[in-house]
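Use these hints to put chain P with the ligands onto chain A, whose structure you have.
Going line by line, the protein sequences match chains A and P.
For the first sequence, my numbering assigns the number 1 to the initial residue and increments by one for each residue that follows.
For the second sequence, my numbering assigns the number 1 to the initial residue and increments by one for each residue that follows.
With a straight-line Cα cutoff of 25 angstroms, these simulated PhoX-like cross-link-like pairs (lysine-lysine) come out:
| hint | chain 1 | residue 1 | chain 2 | residue 2 |
| --- | --- | --- | --- | --- |
| 1 | A | Lys75 | A | Lys107 |
| 2 | A | Lys111 | P | Lys2 |
| 3 | P | Lys6 | A | Lys75 |
| 4 | A | Lys29 | A | Lys75 |
| 5 | A | Lys56 | P | Lys247 |
| 6 | P | Lys247 | A | Lys205 |
These are calculated hints, taken from the structure and not from any lab test.
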Amino acid sequence: MTNIAISAKGLIVKKGKQCILNELDFVVKSGTVTGLIGPSGSGKTTLMRSIIGVQKCKGELSVLGNPAGHKSLRKSIGYVTQSPAVYPDLTVQQNLRYFATLVRSDKMDVKRVIDTVRLTDQRNQVAGSLSGGQMARVSLAVALLGRPELLVLDEPTVGLDPVLRNELWDLFAELASEGRTLLISSHVMDEAARCENLLLLRDGKLLWKDSLKKLLAATKKNDVGGAFVTMINAAEKAEKMGKK
Amino acid sequence: MKYHIKATFGTTLRILRQLSHDHRTVAMIFLVPIILLSLLRWMYDDNQMIFNLIAPALLGIFPFVIMFIITSITTLRERTGGTMERLMALPIGRLDLVLGYMLAFGLLAIIQAVLASAVLLWGLGLEIEGPAWFLLTMAVADALLGTALGVFVSAFARTEFQAVQFMPALIFPQFLLCGLILPLNQLPDILEATAYFLPLTYAVEALQTVVSNTEVTGEAWRDLFVVLCFAVGAVLLGALTLRRRTK
Ligand SMILES: Nc1ncnc2c1ncn2[C@@H]1O[C@H](COP(=O)(O)OP(=O)(O)OP(=O)(O)O)[C@@H](O)[C@H]1O
Ligand SMILES: [Mg+2]
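Next comes chain A alone, as it looks inside the complex:
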């Protein structure tokens, strides 16, 4: 197989009359951590839903060598939705055991992912009674079950403290070094700094789709936040000029 995990050509998503994603072209390489950043409402979640195949879209979008939404992909993608999607009336362990059955994994794997997200002490607690960050970690743990080839994580570290966040990013790097591909959206700029490659989305268009290093060089900034603002401002200026 190629070393391309995701590739899009002329990807379009329309909701009603509104064009949410406007002719995106990009590739995500296998075994890398790619950050998906962009202002709120720019279309990050929509793009991720297209990739995992629950969002109707037009254009070409291939994932792990298959068209997005293909049946065979359902067992190879781990997906974390933006708001935690777990059963609030089940315990952490019961939640994971159910999803483990569905991805053909086992009790050992459940124990492993619970340890990974540091919820061992809470494993018998009902998910609805967990703190926001703990709940988000249960949701993340579900995506880790069965060691999927591709992980699509929509703001997986929201509401977590810096120590835990750092630990999880170490985990993401480790997963990538094992050859897995990660696409992670984030609002936190020092997290974006831990991604090899960045996709910068604004208003349904990609402003950047290359490595972090090149972004810093191109914008002559030494931090992602600065580079992010520069790119957005430049795009806004260009838009205004265009209108005049």
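The following block gives chain P with the ligands in isolation, referenced to the frame of chain A:
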């Protein structure tokens, strides 16, 4: 195949576990029909004949309504809570999920129907000519029908308020036309014809024939068959309403 069986039973187990954390709901599922039937007994304390006529019909209607409400809300919660989206991105089949629901609620329905029938026959002194097992089978079939319709109908509700409203909107008309309030042959022609398209009509008819016939009549078997057909139809439609992709 083995996977689909595992996924179905996994789903059933998951739903039962969810309910096991909610003691009040479980208690209400089992107790409410019994309390209502007891109330009915009290109302018709001096009139065994009317009690014999109404109570079996209600034995079919209560589980039907209760299961309908509970399933439509549980399914709707799954749809709005984000877990449905997650499930649709996993290898589980849509039919696996709906059947998992049917099994879980079907099990509750069986317990509910057994309890209510037992209380009705031996506690409240219902007198029937026909076999008790048919009464029970019919009550379970009605509960399964309610479950299947609940899954199906939840697809058309956006909010829990809407889902609850489907009860009066879809169940009450069936209740009014099922032959309990007014015998079918006394209804205006159009309404009588309409009644034969509604599953509850068959449910009530079957339950009422058990009261007066010692054998299970051909008509009663047909009624059971019709109710089960409606249930299977609703299961298939329910599975179709689960969408892998949204616009
Ligand atoms: N059903 C819909 N109809 C019309 N517009 C919609 C619909 N759903 C989403 N949108 C719009 O699509 C755009 C992209 O939404 P999306 O959720 O992908 O943004 P996002 O980048 O993930 O934002 P955030 O960072 O806040 O999570 C938003 O402007 C949103 O208002
Ligand atoms: Mg989002």
